[in-house]
Each structure stands twice: as structure tokens, then as C-alpha cells.
Amino acid sequence: MWTETWLFTKRSLLTTIRNPFSFIPNLIISVFFLLVYTSGLSSVASLPQFEGSDYLNFILPVSIVSGAVGGAGGTGQALVRDIESGYFARLLLTPSTRTAIVLGPMIAGMLQLLVQTLLIFAVAFLLGLTIPVGVAGFFFTLLLAIGFGLGFAGYSVGVALKTRNAQAAQAGTLLFFPLIFLSTTFVPKELIEAEWLKVAATYNPTTYIFEGMRAVLTQPEIDWGALSAGLAVAGTISVVMIVFAATNARGALTQK
Amino acid sequence: MIEVEGLVKTFKDVSAVGGVSFSVKEGEIFAFLGPNGAGKSTTVQMLTTLVRPTSGMARVNGYDVVKREKEVRLSIGVALQETGIDKVLTGRELLVLQGRLFKMSREEAEHRANELLKVVSLTDAADRRSGTYSGGMRRRLDLALTLVHRPTVLFLDEPTTGLDPASRVEIWNEVRRLNREFGTTIFLTTQYLEEADELADRIAIIHHGKIVSEGTPEELKQLVGGETVAMDFSNESEAATVASHFGTTANGTHVAFELRNVTLTEIVRALDEQKLQPERLTVKQPSLDDVFLKVTGESYEGGEIHVD
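The listed protein sequences derive, respectively, from chains A and B.
256 is the number that the working numbering gives the last residue of the first sequence; the numbers go up by one with no jumps.
308 is the number that the working numbering gives the last residue of the second sequence; the numbers go up by one with no jumps.
Calculated from the structure, these hints are not laboratory results.
Ideal Cβ positions, reconstructed from N, Cα and C, are used throughout, including at glycine.
It is possible that part of the hints are untrue.
Quick list of the computed label-pair ranges, beta carbon to beta carbon [as the list claims (entries may be wrong)]:
(1) B:Leu223 to A:Asn19: 33 to 39 angstroms
(2) B:Ser121 to A:Val115: 35 to 41 angstroms
(3) A:Asn19 to B:Glu108: 26 to 32 angstroms
(4) A:Val115 to B:Asp201: 51 to 57 angstroms
(5) A:Ile17 to B:Phe182: 35 to 41 angstroms
(6) A:Leu174 to B:Glu110: 27 to 33 angstroms
(7) A:Gly235 to B:Asp164: 44 to 50 angstroms
(8) B:Gly131 to A:Phe32: 28 to 34 angstroms
(9) B:Ser55 to A:Ala168: 30 to 36 angstroms
(10) A:Pro48 to B:Gly131: 28 to 34 angstroms
(11) A:Ala168 to B:Glu298: 38 to 44 angstroms
(12) B:His208 to A:Met1: 38 to 44 angstroms
(13) A:Phe32 to B:Phe182: 55 to 61 angstroms
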């Protein structure tokens with residue numbers, strides 16, 4: 001099964017590289033977010049609730065996560081393209097396991113995310129990013145981005161297989177739009193005024209990803225509590241979504 | 001090689017296949033002939049493990065298509081109605097990947113890819129993205145992809161639908177060659193009477209999810225009678241003379257009757273004795289169109305060639 005998964009991963013990477021427009025716009029948007037928010041909002045970081053951290057460090061997770069979500073949506077769309085071209089049926093007719101067929105594109109999506117996150121980091125460094133806790137901060141942020149991205153890739157693959165429709169797979173990305181913004185996106189929770197938004201942010205899993213990243217990016221020392229919560233949320237989401245995707249892959253075989 | 005008994009597929013409340021039974025012997029080309037929506041594709045999808053039957057039994061290569069689907073998939077090659085090709089990859093990349101998925105080593109898969117590219121005459125286009133191929137080239141690549149693991153049974157769902165006449169003949173030749181040279185058993189579906197007649201050893205006519213008739217092309221044609229002979233004369237009196245000699249009546253200058261109790265030689269001799277020379281003499285085989293009309297009571301309308 002691992003050989004197959006690797007073959008599918010390689011194939012998806014090749015497809016992605018040959019379709020540069022499947023990832024370039026998304027990357028540009030993420031970098032654009034970073035530039036605009038940093039230059040437009042950086043003075044709010046002088047408020048005491050930011051505890052002296054640079055706004056660049058605070059907003060970087062938003063850029064990374066929105067990039068991850070947008071990028072992962074492409075994984076499902078690539079699969080819908082395969083279904084529409086009939087190539088998916090051909091893959092189902094090989095002795096490969098269903099899990100490998102869906103896991104390959106998801107891993108490829110994750111690697112794409114890794115590269116993308118590194119590029120966003122590179123831009124942030126150019127803007128003068130310093131991470132007080134050092135390399136560990138960089139490493140954990142990457143880990144959270146990939147975990148959350150893998151989960152979302154699984155979600156988009158699952159939706160793609162369930163609906164077999166490119167528009168639906170794309171619309172699935174819209175779900176994450178409120179998830180990104182109904183959170184501690186721009187300011188810490190203490191600064192959110194509307195009570196409903198506070199509540200939404202508390203139940204929104206994205207909040208824990210943001211907080212996990214900030215735990216290693218904005219503080220002079222790692223906040224292990226927030227980091228573990230973030231890692232736990234990212235881990236849970238990716239496991240649940242991989243199961244969701246694999247279940248639908250098996251379903252796609254018998255229904256139709 | 002293929003045994004099917006009472007196979008049924010119902011989608012929600014709609015019956016797609018209403019209980020078909022047939023068997024295909026080793027090395028045979030068997031055609032499922034019928035118009036659009038007759039249940040051909042659904043049958044192929046059930047036999048190739050892509051769709052689960054509602055009821056009934058089917059075995060391919062001795063393996064039950066429901067209980068032993070993995071073994072079935074390993075032993076069959078399938079070309080579905082829509083070609084299954086990723087347009088972004090090149091022909092060679094697709095063939096190598098296919099080989100690797102069928103557990104070949106990298107070297108084996110590359111070797112097999114070269115072999116098949118030659119078989120379907122795509123060597124020159126091998127390193128171009130398949131999205132740039134013409135319809136006929138895509139079909140040939142699709143056929144090559146189904147052959148990578150040397151299947152003993154091949155399923156071709158409407159292999160020439162949407163192709164121009166020249167590409168159709170190319171595919172026909174390829175199918176015949178596979179059958180002749182490798183003894184591959186072939187199950188194909190088609191809506192073209194001509195195609196079934198041309199390729200198949202045996203034909204099953206499927207209509208509204210049921211097999212309405214089955215046999216060799218000759219047997220099916222026997223259903224509507226044997227060969228007919230038709231003659232045209234320069235004047236009506238000659239035609240009338242010949243007609244009365246063979247116990248029939250002329251239609252103007254035209255005489256036609258079934259070649260049942262009389263041989264062609266006898267006809268020619270009789271004409272010679274009476275010093276009569278027809279302007280035209282043709283012997284006509286009954287066509288599958290006639291058969292379709294006879295067994296379904298409907299005239300066949302799927303047979304035109306559609307060109308994209």
C-alpha cells in the first residue's frame with residue numbers, strides 16, 4: 001500500500017506543478033494578507049493585551065492558515081477533475097487500495113502546503129520577522145499548518161467524492177471562510193468586544209490553531225498549554241477527515 | 001470465462017438491467033448490442049466490479065464479481081465508455097504508472113510501456129501530454145492502458161462511439177489482433193449493428209435491460225430468413241417470365257426472392273437456358289437491422305455513425 005500511496009503522491013505533485021494556476025493565486029492572496037494586515041494594523045500591537053509582541057508575529061498565523069485552507073481545497077478539486085475525466089474509474093479498477101487512492105493526493109496537498117508555508121515564512125523574514133523562542137517556533141508553526149491543512153485536504157477530498165461535483169468541492173472551501181474570521185484573527189480574545197464573536201471564537205477549532213502558533217511565535221517563552229491544545233485540535237481534525245475521505249472513497253465504488 | 005445468471009441492477013426505483021443471463025467462452029468475442037439506455041454500460045460496470053449488482057450472480061475468470069472483486073480486477077482489462085486518461089500526464093507516464101499500480105517494477109513498467117506504445121502506434125506522441133491527442137489517439141492510449149497487465153478478459157464499453165470512420169476501423173483491427181494473437185476473450189458493447197456483425201463471434205441483443213435474442217451473427221440473421229437474390233431486367237416481360245419460373249411475381253422490372261429451395265447455380269442456369277440476361281443480379285444477406293426489427297418490433301435507430 002505504501003508504494004501505491006507514494007506513486008499517487010508523485011502523480012499528484014506532477015499534476016500540480018503542471019497546473020501552476022492551481023496554487024499560485026492562493027499563494028499570492030496569503031502573501032497579500034500578510035503585507036496588508038501588517039502595514040495597516042501594526043499599531044494596534046502597542047495595546048497592552050498584545051504583551052509587547054510584534055503585530056507581524058501575531059498576524060502571520062492568519063496568513064499561513066488561510067493559505068493552507070485555500071491550498072487544501074485544491075486537493076478535492078483535483079480529484080473531481082479525475083472523476084470527470086474518467087481517470088478515477090481507471091484507478092479504481094487497479095488493485096490499489098481505496099485508501100492509497102485518496103491518501104496520495106492528500107499527502108501531495110500537504111507537501112504543497114509545506115512549500116507554501118515556507119514561502120510565506122520567507123516573506124515574513126524579509127519583513128523583519130524574529131521569533132523569540134528560536135527554531136522551535138518555526139518548526140511547531142509548520143507542524144500545525146500541515147496538520148490543519150491535511151485535515152482540510154481530507155475534508156475537500158471527502159466532499160469531492162460525495163458530490164462528484166467541482167462546484168461543490170469549491171463551495172466546501174467557503175465553510176472555512178467564517179472559520180478563519182470568526183476567531184481571534186486580528187486581535188487577542190480579550191480585545192474582542194461582541195459577546196457572540198467571543199463565543200464563536202471559543203468553539204471555533206481554528207482559534208486553537210491560531211493560539212497554538214502564537215504560543216510559539218509571539219511569546220518570549222513557549223506557552224506549552226496553548227501549543228498542545230493546538231496540536232491536539234490539528235491532529236484530531238486530520239484523523240477525522242482522513243476517515244471521512246476514505247469512507248467516501250469506498251462509497252464512491254458501490255454507489256453511482 | 002464469463003458466466004452470468006439473472007443479473008439485476010435497480011437504481012432507486014428504476015430498473016437498469018432486468019435479469020440477464022449469458023456466458024462467454026474463452027477466446028471468444030462477445031458483443032452486447034443495443035440502443036442507448038438498454039443497460040449495456042450498467043452490465044459492464046457490474047461485471048468489472050464498479051457497480052454492485054442488486055441481485056443475481058456473475059463470475060469472471062471463475063471469480064465472483066462481488067466476493068472476489070480484487071482477483072477480478074487483476075485479471076481483467078477495462079476500457080469504459082469515457083476514456084480514463086489524465087490529460088496533464090504524457091502517454092508514457094500514464095502507461096508506466098498503470099504498470100506500477102499492477103505491481104510491476106519500474107524497469108518492467110517502462111519496458112511494457114514501450115511495447116504497448118508500439119502496439120497502438122503512439123511511440124512518436126509518447127512524451128506529449130495526452131491532452132494534445134486526437135480522439136482516435138486517446139482511444140488507442142486508453143486501449144493500451146487496459147492491456148498493461150496482460151489481462152485475459154477485456155471489457156470494451158462502446159469502444160468506437162464518437163470516433164470517425166477511419167479511427168473506428170483502426171480500433172476494430174486492434175481488437176481483432178488482440179483476440180487472434182493473444183487469445184484474449186473480449187466482451188464489448190456497441191450500439192452499431194455493423195460493429196457487432198464485423199467483430200463478434202456471438203451477439204446478444206439487449207433491449208430495455210433484457211436480452212431479447214442471442215446467437216452468432218449468422219444465427220441471428222437466420223431468424224429473419226436466409227439470403228435473398230434480387231435481379232433487374234431491361235423490360236417487364238422478361239422479369240415476369242423469370243418470376244413465374246421461380247414461382248413468384250415480378251415488381252415491374254424487379255424480381256426478388258429468398259434463396260431457399262433453389263441455389264444460385266440453378267438460377268444462373270435457368271437464365272442461360274431462356275437466353276435472359278438480367279442487368280443486375282445481387283445476393284443480399286439479411287442484416288442485423290432486420291433482426292432487431294423482428295425481435296423487438298422496433299426499428300433500430302442507434303446505428304448511425306456520429307462524428308465529433
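Hints versus structure:
no.: 1; hint: B:Leu223 to A:Asn19: 33 to 39 angstroms; verdict: violated, 54 angstroms
no.: 2; hint: B:Ser121 to A:Val115: 35 to 41 angstroms; verdict: holds, 40 angstroms
no.: 3; hint: A:Asn19 to B:Glu108: 26 to 32 angstroms; verdict: holds, 30 angstroms
no.: 4; hint: A:Val115 to B:Asp201: 51 to 57 angstroms; verdict: holds, 56 angstroms
no.: 5; hint: A:Ile17 to B:Phe182: 35 to 41 angstroms; verdict: holds, 37 angstroms
no.: 6; hint: A:Leu174 to B:Glu110: 27 to 33 angstroms; verdict: violated, 43 angstroms
no.: 7; hint: A:Gly235 to B:Asp164: 44 to 50 angstroms; verdict: violated, 55 angstroms
no.: 8; hint: B:Gly131 to A:Phe32: 28 to 34 angstroms; verdict: holds, 31 angstroms
no.: 9; hint: B:Ser55 to A:Ala168: 30 to 36 angstroms; verdict: holds, 32 angstroms
no.: 10; hint: A:Pro48 to B:Gly131: 28 to 34 angstroms; verdict: violated, 58 angstroms
no.: 11; hint: A:Ala168 to B:Glu298: 38 to 44 angstroms; verdict: holds, 39 angstroms
no.: 12; hint: B:His208 to A:Met1: 38 to 44 angstroms; verdict: holds, 43 angstroms
no.: 13; hint: A:Phe32 to B:Phe182: 55 to 61 angstroms; verdict: holds, 58 angstroms
In summary, the structure is inconsistent with hints 1, 6, 7, 10 from the numbered list given earlier, while agreeing with the others.
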